[in-house]
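Asks: Next come the chains, spelled out residue by residue.
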Amino acid sequence: MIGDGSIDRLRREGRIVIVGASLAGLRAAETLREKGFTGSLTVIGDEPHPPYDRPPLSKQVLLGKAAPEHTTLPRRLDVDAHWRLGHAATGLDMAARRVRLADGDEVEYDRLLIATGVRARPWPVEAEAGLDGVFVLRTRDDATRLHRRLTEETRRVLVIGAGFTGSEIASACRERDLPVTVAERGSSPLVGALGGVIGEVARQMHLDAGVDLRCGVMVTALEGDTAGRVRSAVLSDGGTIDTDVVVVSLGATRNTEWLAGSGLGAGPRGIACDAGCRAFDVRGIVTDDVFVAGDVARAPHPLFGYQFLSLEHWGNAVAQAEIAAHNMISHATDRIPHLWVPAFWSSQFGVNIKSVGVPALGEEILVTQGSLADRRFTAVYGHQGRVIGAVTFDHGRWLPFYQELIERTAPFPPPFPTLDRRADGRGPVPAEFPDPSVPTHGPTVTVSGYSPADRRITFTPGRA
Amino acid sequence: MRLVVDLNRCQGYAQCAFLAPDVFTMHGDEALLYDPHAEPAQREHVARAAAACPVQAILVDDLDGAPGPAEEAPGDR
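Chains X and E, in that order, give the protein sequences.
Taken in order, the first sequence gives residues 1 to 464; the numbers are from full-length UniProt numbering.
Taken in order, the second sequence gives residues 1 to 77; the numbers are from full-length UniProt numbering.
Honestly, the hints are just simulated from the structure, not real lab data.
Cβ coordinates follow ideal geometry from the N, Cα and C atoms, glycine included.
Check each hint, because a few of them may be wrong.
As the list claims (entries may be wrong) - Pulled from the structure, derived: some chain E residues nowhere near chain X, Cβ distances all over 10 Å: (1) Q15; (2) P21; (3) A52; (4) Q56.
Said to hold, decoys possible - To be clear about the criterion: a stretch of chain E counts as covered by chain X if any three or more of its residues have a C-beta under 8 Å from a C-beta of chain X, and this derived list gives those stretches: (5) 3-12; (6) 34-46.
Unchecked claim - Cβ-to-Cβ under 10 Å is the rule here; a few derived chain E residues that face chain X: (7) T25; (8) H27; (9) G28; (10) D29; (11) E30; (12) A31; (13) L59; (14) V60; (15) D61.
For reference, chain X alone in the conformation it holds in the complex:
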């Protein structure tokens, strides 16, 4: 058994297995080699493709500006790994340190990194989800199928869900001059991630681009013809949409089912880990040989009260994978914490949207630069008197400044004047996030688990 006392041997001849061959898995493999790991490295992935990049799938690829099969990620170096692509992991034996594969094979490890990510949440009614013309967009194969269908004759596309991916798909369709209806359960697009004030700006962007936007409605049924091809959708307000392409864009589900019964602290919200990416077992005890990174991980973050954050962000996958890789081959005293500040981008309707921090935690919002009407602005989110997040529309160059405010826990509203502050920015207003009990398209940051502020146990000294 290789413990901390024989880290040098682990680095030299240990066996490391990475489950998940996407962005986080690849960056971890590269980092292990960069940091001098010379043992055996196995990367297991359920898709047959080498690691590829997902953000272009809902942008360049749907616009026809890049081929789906051309999204393979560049390599920083040759990682000299044994790639088991097209082989899903189906089980984990933590005591024997083995990963079980779908084909019955087993792979032994000294250190394991789990980076299995998330998958698209399918349309919940199986028979309707199986209709020809009903798509999700998460994988390269999804993008290939959807892109092919959009280039054929399409009468109308229905996008269900106006989160970031749904909005990007609607935007790409309009740019291709395809008629699009978007159905969103919330009051406006992006409302779950950015709140109603910014959601209103997003709503106008959809309308100006000619999207038939329906908010506050649910799709209750998809109907097909006798050939099994989707023909229409029924809405909760009694309306119907004639459509031949439906893109279900209802967020993602974490790929943790394969860990059921393993004893690892894995569930529908992801795999809990400490700040050093070490996974917790079901007893809440940190493991020393199982690490997690990317969309499937949820980790405590000091900037957000040590609450557990799950981040479906590209940059998080990169940063967390690098830290997990470093820590898994380092002595306890050389480990480093994952303190990445959440950040993401989207581009839709020709507007560059970027965000840092966790806007969804904000109660109030202040437009500090530019104006909402121009769709060029920076807005800051406040939470309990401090800056907790910021979003920019075509104002991305200012974002590092606001990131620093978040890192410094600067007061909200910020006391200083800013350049280009206009009528929108006179004072904070409620950010208008939906009541969490009302289902909408979810945010991209999920806050889960207990914070140390939630003291559940109180020590009461006995009377003398």
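Chain X is fixed; fit chain E onto it per the hints.
Replies: Here is chain E on its own, set in the frame of chain X:
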């Protein structure tokens, strides 16, 4: 030649769109679109764009360090 742009870092300086316009284009005022699989003929342009990026957000792989056959899906290149 494969490439990826870290769009968290990207601040829309558009140097890349100026130096390798067949690979990088601006979409609207600030958003960047790029072809993640540039033709070999673009190699020098892409290298110049990556070097000129003020925030060093462009990662291009090293064609010499070609990955082994096991990780390449058919028709991937």
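Asks: Work down the list of hints and note, for each, if the structure agrees.
Replies: Hints, one by one, checked against the model:
no., hint, in the structure
1, Q15, "holds (13 Å)"
2, P21, "holds (13 Å)"
3, A52, "holds (17 Å)"
4, Q56, "holds (13 Å)"
5, 3-12, "holds (count 8)"
6, 34-46, "holds (count 4)"
7, T25, "holds (8 Å)"
8, H27, "holds (6 Å)"
9, G28, "holds (3 Å)"
10, D29, "holds (5 Å)"
11, E30, "holds (4 Å)"
12, A31, "holds (4 Å)"
13, L59, "holds (5 Å)"
14, V60, "holds (6 Å)"
15, D61, "holds (3 Å)"
Against the hints set out earlier in the document, no violation occurs for any number.
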